[in-house]
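Student: Respectively, the protein sequence lines represent chains A and Z.
Position 409 (the first sequence) corresponds to 582 in my numbering; numbering is contiguous.
Position 29 (the second sequence) corresponds to 202 in my numbering; numbering is contiguous.
Any copy, or any two copies together, can satisfy a pair, since identical chains are not distinguished.
Below, a list of computed lysine-lysine pairs in the DSSO-like style, where the Cα atoms sit at most 30 Å apart:
{"id": "1", "residue 1": "Lys-354", "residue 2": "Lys-559"}
{"id": "2", "residue 1": "Lys-222", "residue 2": "Lys-354"}
{"id": "3", "residue 1": "Lys-211", "residue 2": "Lys-354"}
{"id": "4", "residue 1": "Lys-254", "residue 2": "Lys-217"}
{"id": "5", "residue 1": "Lys-217", "residue 2": "Lys-354"}
{"id": "6", "residue 1": "Lys-420", "residue 2": "Lys-273"}
{"id": "7", "residue 1": "Lys-559", "residue 2": "Lys-217"}
{"id": "8", "residue 1": "Lys-420", "residue 2": "Lys-254"}
{"id": "9", "residue 1": "Lys-217", "residue 2": "Lys-420"}
{"id": "10", "residue 1": "Lys-273", "residue 2": "Lys-344"}
Think of the hints as simulated: they come from the structure by calculation, not from any bench.
Keep in mind that this is a model prediction, so the values were computed, not measured.
Number of protein chains: 2
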Amino acid sequence: MATPASLYERHRDHLGAALDACATRRQWSPFRESPSSKIHGEEKPAEGKARFDALLGKPFELDQPGTIGRTGHEISPYTQKPLGIDYPKSDPGALFAAAKTATRSWSRLTPEERAGICFEIAFAMEEQAFANAHATMHTAGQAYLMAFSGSGPNALDRGIEALAYAYKALKDVPGQAQWEKNFGRGGDVRLNKTYRTRGRGVAVVVCCATFPMWNAYPAIFANLMTGNPAIVKPHPNGILPVAMAVKRMRDVLTETGLDPNMVLMAADTREAPVTIDLLKHPDCAIIDYTGSQRFGRWIEENCADRLVYTETAGCNGVVIDGFRDTGGAIAGLANGLCGFSAQMCTSPQNLHIPEAGISGPDGDLSFDEVATQLVEAIRSRGSNPKVAAGLCAAIQAEESLRHIERVREAVTRAGGRIWLDSHPYDYPDFPDARTATPLVVEVPAEAIDLYGEEVFAPVCFLIREPDRDTALERAAHLAATRGAISSYLYSADPDFIDRAQDAFTDAGASLWINMDGRMPINFAAAYSDYHVTGLNPAGNACLADLAFVANRFRIVQFREPVPAGDAA
Amino acid sequence: MATPASLYERHRDHLGAALDACATRRQWSPFRESPSSKIHGEEKPAEGKARFDALLGKPFELDQPGTIGRTGHEISPYTQKPLGIDYPKSDPGALFAAAKTATRSWSRLTPEERAGICFEIAFAMEEQAFANAHATMHTAGQAYLMAFSGSGPNALDRGIEALAYAYKALKDVPGQAQWEKNFGRGGDVRLNKTYRTRGRGVAVVVCCATFPMWNAYPAIFANLMTGNPAIVKPHPNGILPVAMAVKRMRDVLTETGLDPNMVLMAADTREAPVTIDLLKHPDCAIIDYTGSQRFGRWIEENCADRLVYTETAGCNGVVIDGFRDTGGAIAGLANGLCGFSAQMCTSPQNLHIPEAGISGPDGDLSFDEVATQLVEAIRSRGSNPKVAAGLCAAIQAEESLRHIERVREAVTRAGGRIWLDSHPYDYPDFPDARTATPLVVEVPAEAIDLYGEEVFAPVCFLIREPDRDTALERAAHLAATRGAISSYLYSADPDFIDRAQDAFTDAGASLWINMDGRMPINFAAAYSDYHVTGLNPAGNACLADLAFVANRFRIVQFREPVPAGDAA
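With the sequences and hints as input, model every part of the structure.
Tutor: If you want it as structure tokens, here you go:
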């Protein structure tokens, strides 16, 4: 049996490389990002699909304490039919009790041993990435490629990043010290001091529907590293990816001779939710939440006696002053607006465009020219089902279609204009998939009620601004007051870029500048991009930094004099 | 004029040494701890006294914005007469506005420049230590030696410690990075990334009556380093030491060409308190609080939408299983129980002693023998006015005398016994000083209502415990549920010591073992002792660790592609 210490030896080079990546913020990953059969061979992808298929239509076996029945009712966005899987329904009290018991032996592990186990878990998750990709597709609605990386390698990288920060924070506390000081008549006094780190208690990790694992791994690893067990609460329509991960995590713990109850799952349904019972449980010490801004704020206000880490949402703005590369910018924006049907916390939503137009490398572009080029780029993506399938994927929740309807109806009343209407498109492999191409609308700047919060749907607002300074000011103000996770700027004017950086610094929001179509403009790179500033309403925590981990544990100390006769 | 950069050069070796001390947790200080004229000469102490005398009986001049009148009414515990000094009464809104304005230029300083300025401030505070010692004596009631080190060198060391941790956390964020990744058809994409740290906003630093500067310096330096201005709120009877410090801090800022409003003071009186107005002000982002557990808990519960750091109080227990050196242990305990009349957050209060007695190096000691030896040691200290003056000093608040009366009356009703009564003693230099020698009472273990919270007065409870395990269990339980900052154990049994360490780890409380009379048993050493665990009701924060600083700032990021043709 692998011991925690041997797992550390197995993964110590990875840990060193992760720490280095966090410090240099260069690209690094120990995982293979692409599911391509050119890399993995034909067998693994097929086996992953088969593993997923074998889970459908039957009870999911997860052996954990406190089971008091069965729960779960997930609908696939691709088939709009139930997955037919049920999961253990758990008694919260029994989960907390089991987690607390598991903590006792876990807390005796060194940071190195914990890191070894967490890395081992991470690679077990990578091994599961093909199967989990299908589970993520059929709950979140992501396309296959994104589901593979977004519940696999990319998410695991964020997890390892949190692991590395936790390791760094733990290692900042020495195990022992010898202290000596002269106290006048007391003479030289020598004290042996020992320091123990100790977790805060049980963490509840609340996952979101569209990226079930992306925030879950960082939260789970941050908690395990700092000595805290995690009860993972999946979204009612995103249980399967979490259940598969939790089951495998528990296996790894058991295989290492440890109590598997350091990781538990609490599934529920939309009709019989269990989240608040978990968050309000007296033994809940830490909350890691990903989801809507509304519920995030509720948690921040109502669970403030716990340690609360939230990543929610905002209305991400795009300030357009000018293009250095019109085609690249338009392609980047079109991809960003279409990508996973804008169901990402980093998706752009509000394009602030001066009504007098913008500068371009080959002369100025009018507001309408910008709109036209963008609309054409989106139209061409949405009208090709194969392109749309890979880019837009499916719509996770029926509610998003209602958001499209609501905006479509409201925009005319608000004095705006529909530039491109949304329509379902025919998903090649899944004729019943819930799909929608982006709705692109022009609105006057005053219509802030329409665009001043996240519209969780493929909806893009072209906001007619009096000038670029007003555009910048409004976008920064919205980021500060309504929240933003990724904001965007297109400008060829270095002075304006400087001013924009200052304005967004003051707004407490990060800014991506002149991103073009060579990469997804909203890609968030582990070890490199600080995800969420914590300075605006889109969340209070960052994935990942020292603040994300340093308060999850505390230090208990002992000291004792060295008897006068003892040697130093 | 010294620039921030030149101040960093002046103090960079000190910063390096402070970082090293935090890592090794060895004894270190750049300050002279003793006020002895053998070190400083005769002139400096006399000049300090003269500076203090010159402040008495007149308005204190502190040039800061928002002054709307005068306030302040301090009584000296040594003369029981008013100091006759008044201070600016400030409009909270104007203070917050001025602080926010000052932040703009301050936030452009590098961590090195901030460290340089904070060190310069710290040495200016050391220069003020003689004068401030008298101000601390005549507000807090401390003895001269303690007032010198406790508002001077020892407190400044805790401040530098916080500065070092903040520097470390800030430097964990690189200023920039170049990131490169292959995106398949997009090819290699290179991004220039820049990272800016940004403070959370205005901090309100609430100081306590008995140690006006000890927690203030760490909070002020932690905030300044991380980009946050501090509005310092002194205790109504502890304004002068704070006012002197704030005035000098503002001078240093001005002398360095900076906006002095990074540090402001908001004084008040007990009759017209301003604390809650400050804490509830919409621009208050951070609260650093030192004081009673009751108000600390109120802040934690009612200001949870701010970042709250508290250090409050608990009922510090002493578990006595056996002495390795009876005389040393008794001397250490007697000094600890007498020291500053037990008005320290680290003072021992509850002695849990097995009723069958304890082990000693020369045979067993009965409960009564332990009590008798301790009482004799305390009596001898209290009956010698010169010794008592240096050790017990004065009683800060009249209320403490009422606590003594209350316990004296209650103990007989509770079936207990008075072993040593409290009495005023004649302070050599100050015939009107408010003084009280320790009250030592024996109580049955059931009388938890009497000893189960901090009694802020020189009162010591001898708790008759059925056996050592029960003694340990009760002391640990009280630490966990009622709070403890320092707990103590006397034992010659390594197994029992191990068990006690585990019990106190579970209780989330630190434990000082077999401390003898060669040093104050409750001395908290900067850079070495983690002060407050944050795991029990005696406070939620530690002075100082990464958690004390890492969340006081956040990271804003910019990224921009390197144009395809540019060289790496």
